[in-house]
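J.: Chain residues, written in single-letter form:
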Amino acid sequence: MSLQKSVTKTKPRQVKYLIIGNSAAGVAAVESIRQYDKTGTLAVVSDEPWHTYSRPLISYLLEGKTTQEKMRYRGDSFYQTYSVETHLGVRAEKLDTKKRTVALSDGSVLEYQKLLLATGSVPFVPPMNGCPAPNTGKGVYTFIKLADALALQETVTASTQVVVVGGGLTGVKATEGLLHLTKNISLVELAPRILPNALDTAASDIVKRRLESAAVTINCDASVSEVLTGADGNVSSVRLSDGRTIPCDVLVISIGVRPNVELVKGTDVAVERGILIDESCQTSVPDVFAAGDCVVSHDLTDDSKRILAILPNAYQQGKTAGAVMAGQQKTDKGARPINATSFIGLPLITAGKTNLTPEQAAEQGIEIVVDSEGENYRKLVIQNDRLIGFILLGAAYTKRAGILTDLLNRQVPLSSVGAGVLQTPELLLFDKTERLQRMEGVRSI
Amino acid sequence: MIDYTLPEFLVDRDLNRCIQCGVCVRQCANEVHAFAPNDPKKMIVDERKCVNCQRCVTLCPTHALSIRKHPNQMRESANWQPQLIKEIFKQADTGAVLLSGMGTPQPYPVYWDKMLLNASQVTNPSIDPLREPMETRTFLGRKPERFSPDVKNPTVMPPQLELKTPIMFSAMSFGSISLNAQKSLAMAAQELGTAFNCGEGGLHQDLQPYAKNCVVQVASGRFGVYKDYLMNCAAVEIKIGQGAKPGIGGHLPGEKVNEEVSRTRRIPQGTDSISPAPHHDIYSIEDLRQLIYAIKEATNYTKPVFVKIAAVHNAAAIASGTARAGADAIVIDGFRGGTGAAPTRVRDNVGIPVELALAVIDQRLRDEGIRQQVSLIATGSIRCSTDVVKAIALGADAVYIASAALISLGCHLCRNCYTGKCNWGIATQREDLTRRLNPEHSYHRAGNLINAWTHEITEIMGGMGINAVDSLRSNRKALRGIGLNDSELRVLGISAAGE
Amino acid sequence: MKKVYPNEDWCLGCKLCEVYCAAAHSPYRDVHAAFDTPDGSKPQAGIVVEGDTKHSIAISCRHCPDAPCVEACISGAMQKTSDGVVWCDTTRCVGCMTCVLICPYGAVHKGEGMKTVTKCDLCSCTGEPECVRHCPAFALEYKECEAAQASGRGYASERAFIGDKDSQSGTEQVMEESA
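Protein chains in written order, with the numbering used here: chain A, 1 to 445; chain B, 1 to 499; chain C, 1 to 179.
Bound conformation, chain A alone (with noise of 0.2 Å):
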């Protein structure tokens, strides 16, 4: 499958592109330099062995919803489409920027005009009394990469205890993965309700109630102040701040994650909490780029630098870094944080600005409108005359999402369209001509 070439220790193998992680941005990449440069060399390196996959889908992969198959990212065929030499399960060691070299974890040493990083994150383990190192079966795992999806199918069985840390996404994510394993899976979240960045009160509480449906203990306003093992070192049980102890054979630490910027310290790469681009996606070193999850996004709702770790801003990043690198002009504007995702069937979409307090929005100018029957929720944020937040929870209210994202991304005046496009997003309450324009030459009479 793979196009990978016997490298020499001596000499530097030299490629045009190449691109470190091959994840979201780094496909981008490889799809976008392509469009522009079809024959110029382009390696990929990996520390992970796999086919690119999709990294998001691994709670989808313990539910059953997917297949290892299935999660691959592209297609069998996408590194010789594409032309790409590949290392995969090397890790990429040390960047030499001067000399403009990656040295790899099987000694070989590559050398490249363009240089993409898109070594996205690692996740974030805080210090807990006691807590074994994760992934080295103890009992604790992090939950961000097909590895930690595989021990856990592994490990966990229908008796196994399960205490997740970190009520966010990738925490409720993974226990709703997990409740296809087992059905002890305890939940902890250090603020007062689960998935505290995505939502508001209401809208949590209802994830919240079906978690609960589905028998998930949630403790929030907690947090793990000690680990026990037993006398194997494998985990035991868990204190939580409350004083209260929870049985746990598996902990699945999912508080988040941070930048994998490891590779360029020591480097002349400018990096802050993750590594600093600009419009182009290129770093403070000339042919030197970066994309994902490891860089420092900009974020478009507050005009504010941030890690916007969300695969659809990886996406955008790293095609607009393999444009460039293919010597095209091309910029990045920056993004906004959008989520789609589902608990227990549930849909749920959230982007820009959504979590503010009334006194916060009062203060602000900023008009909140909630709507909300049974388990289907909805909140609109609206500043000055256009929409710059919503939480959409349900089937009644995530049909044609899209729309909205539209008025929030083009951040259209809202009094430029009808009335009621919030409530039923249509086109048919756009303009006449603006959805004949939109439509691409519809005739009209």
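Hints may contain errors.
Unchecked claim - Heads up, simulated PhoX-like pairs for lysine-lysine below, C-alpha to C-alpha not over 25 Å straight-line: (1) A/399 <-> B/41; (2) A/145 <-> C/115; (3) B/256 <-> C/54; (4) C/54 <-> B/49; (5) A/399 <-> C/54; (6) C/2 <-> C/143; (7) B/296 <-> B/143; (8) A/399 <-> B/42; (9) A/265 <-> A/98; (10) C/54 <-> B/421; (11) A/399 <-> C/115; (12) C/143 <-> B/41; (13) A/183 <-> C/115; (14) B/212 <-> B/143; (15) A/145 <-> A/94; (16) B/41 <-> C/2; (17) A/145 <-> A/330; (18) A/432 <-> C/115; (19) C/54 <-> B/42; (20) B/42 <-> B/69; (21) A/38 <-> C/115; (22) A/305 <-> A/330; (23) A/432 <-> C/143; (24) B/421 <-> B/86.
These aren't lab readings, by the way, just hints derived from the structure by calculation.
Once you've looked at the hints, dock chains B and C against the given chain A.
T.: Structure of chains B and C alone, referenced to chain A:
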């Protein structure tokens, strides 16, 4: 209060097939179908509103619907037929004149079906229209009495309307049918090289590009008549009467005279548009002659002038007078002809069949030696190509079709034109309904129909050994009557089958 | 490329396009069989009629050159063929709704109780799209877009090098192997 209305039709919904897609609900302008309140999986039906137009049946994607005669039976009486009783209920409710649409459904004899055509065998060769030229071209208008060989003083040919096929679309006004329906026929007429008739409501500005193929009407209300109307047309038709309602005028209430109708009829918006029963300037043949010549003067003798009369008892004498009054063609509209709205009793009881009127008029004009002065156009329920052939053999130069043309556009003859809720987008002005008929696509259907009929006409003529419609005209030997009594045979001027 | 273009001036709002689309994208290909589900659930259409019988328009996928749904798809199920057709490989779709969130036309749908999304794929297996074939008002046309061509926004040039066509798609590979 008791609602005496009895449903005429039974709407059968095969619940095993119905998928509750709601297409029937959205397509029925009569609101027969509906979703049950608060239950989108349950369909309800109000059969009393059903007019059996077949729209829902045609569009239902699972063919779950069928409409049939309601099985409810009233106590039988040969005299007091259920229809009469229902009509009395209706009139007792409303106190109004009964109205109907389209041609009479009453079981009067259809003489077309009692005449058989001849064919060549042995002694005269039949013609294969695929191998030999067949002429279906017809010229409508006064023909000169004699040909002058003197080149210095040549024969003056009066204006003629040339048709590539002897079938035209009959008068249907904008108002009685939708603009889309009119436009479909206009486009078809232009493509076919024949004519359509805009009726008495004027010619809508959107149809100006088709004016050269339009026979324009001058009726008792004179609506929409102005210089360009007369000058740009194919021919002018003075409407004296209509087969479906001889002796009856028309009335378009002021509320229906919207901006479009107002502009087309050239009357102020909101005024009643009344077509009087008679032309108030015509009380004699001499008066008719005045109008005919007024139009000829106005058009500088460039347009043939038709006069349309309803087939009534003394049609032959009227036709003779009309020919002498200077008409270039006489349109004879039989009593089975259609209408957008007519008093039911008039439609079903006044006038005579076009077959008989046509035969006697043709004979009368021949007897008087003035047949060449006028062309004859037969109309009033021409249903198929053999009706056309028989009409020509009885003396017609051409025919007008209306109901058949509308059927080609989708009309299912539900006969509720006067309600303005035509589900096929034909006899309605409601925008959501007229949209159902897209002229760009439907004109092909009308065109196909005429082409098919024309093809059949050449086949039948070929079988008779005749290679031109001119040679078939008034060729009564081509016809034989079947099941007709002596009087009928005499009026038709044909022999009985076997004779 | 040829796409389905709605003409709202002629649309009747009858929703037959939705019915036939849903049937065509069900396993049965027959309207009655497709809707006759044991649990009463309805198959999802890839086209949606907005409005009522007074004014309506049928919206389906525009098969955007840089399709946001393809780029945002987290599983790689949403793809573009070399002909420019955006389609969803439902064997790989996990129903995460990212495409629903991202499509500015609202042209990707997740049916009630369905595990994957449905969208217009131009009925690639049948030639002419079913919605066009069955529109009683000729309000849907399957044609090349004059406007897009006139403005030089030809799709072939824009993304001639699109995508890895998955083995399951059976579509042609567009790129030749480089040396």
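J.: Would you mind marking each hint as holding or not holding in the structure?
T.: Here is what the structure says about each hint:
Simply put, residue 399 of chain A and residue 41 of chain B have alpha-carbon atoms about 21 Å apart, close enough for the 25 Å limit, and the pair holds. Between residue 145 of chain A and residue 115 of chain C, the direct Cα distance comes to roughly 24 Å. Compliance with the 25 Å bound is thereby established for this hinted pair. Under the criterion of a C-alpha separation no larger than 25 Å, the hint pairing residue 256 of chain B with residue 54 of chain C is consistent with the structure, at around 20 Å. Among the hinted pairs, residue 54 of chain C with residue 49 of chain B is consistent with the structure: their alpha-carbon atoms are about 21 Å apart, no more than 25 Å.
For the suggested pair residue 399 of chain A and residue 54 of chain C, the alpha carbons sit about 23 Å apart, so the restraint of at most 25 Å is met. Of the pairs offered as hints, the one joining residue 2 of chain C and residue 143 of chain C holds, with about 5 Å between alpha carbons and a cut-off of 25 Å not exceeded. Among the hinted pairs, residue 296 of chain B with residue 143 of chain B is consistent with the structure: their alpha-carbon atoms are about 16 Å apart, no more than 25 Å. Pair hint residue 399 of chain A plus residue 42 of chain B holds up; C-alpha atoms about 24 Å apart against a cutoff of 25 Å.
Between residue 265 of chain A and residue 98 of chain A the CA atoms are separated by roughly 14 Å; this keeps the pair inside 25 Å, and the hint holds. For the hint pairing residue 54 of chain C with residue 421 of chain B, the CA-to-CA distance comes to about 14 Å; that is within 25 Å, so the pair holds. A hinted pair counts as satisfied when its Cα atoms are at most 25 Å apart, and residue 399 of chain A with residue 115 of chain C qualifies at roughly 15 Å. Straight-line distance between C-alpha atoms of residue 143 of chain C and residue 41 of chain B comes to about 36 Å, which puts the hinted pair past the 25 Å bound.
Pair hint residue 183 of chain A plus residue 115 of chain C holds up; C-alpha atoms about 22 Å apart against a cutoff of 25 Å. Pair hint residue 212 of chain B plus residue 143 of chain B holds up; C-alpha atoms about 21 Å apart against a cutoff of 25 Å. With a CA separation close to 22 Å, the supplied pair residue 145 of chain A and residue 94 of chain A stays within the 25 Å bound. Between the alpha carbons of residue 41 of chain B and residue 2 of chain C the distance comes to roughly 36 Å, so the proposed pair goes past 25 Å and is violated.
Proximity of residue 145 of chain A to residue 330 of chain A is assessed by CA-CA distance (about 31 Å); at most 25 Å being required, the pair is judged violated. Restraint check for residue 432 of chain A and residue 115 of chain C: the C-alpha separation of about 34 Å exceeds 25 Å, so the hint is violated. Proposed proximity of residue 54 of chain C and residue 42 of chain B is supported: the alpha carbons are some 24 Å apart, at most 25 Å. The straight-line distance between the Cα atoms of residue 42 of chain B and residue 69 of chain B is roughly 24 Å, inside the 25 Å bound, and the hint therefore holds.
Taking the CA atoms of residue 38 of chain A and residue 115 of chain C, the gap is near 37 Å; set against the 25 Å cutoff, the hint is violated. With a CA separation close to 20 Å, the supplied pair residue 305 of chain A and residue 330 of chain A stays within the 25 Å bound. The hinted pair formed by residue 432 of chain A and residue 143 of chain C meets the criterion: a straight-line CA distance of about 21 Å does not exceed 25 Å. For the proposed pair residue 421 of chain B and residue 86 of chain B, the alpha carbon gap of about 22 Å is at most 25 Å, so the pair holds.
Consistency note: the structure conflicts with the earlier hints numbered 12, 16, 17, 18, 21.
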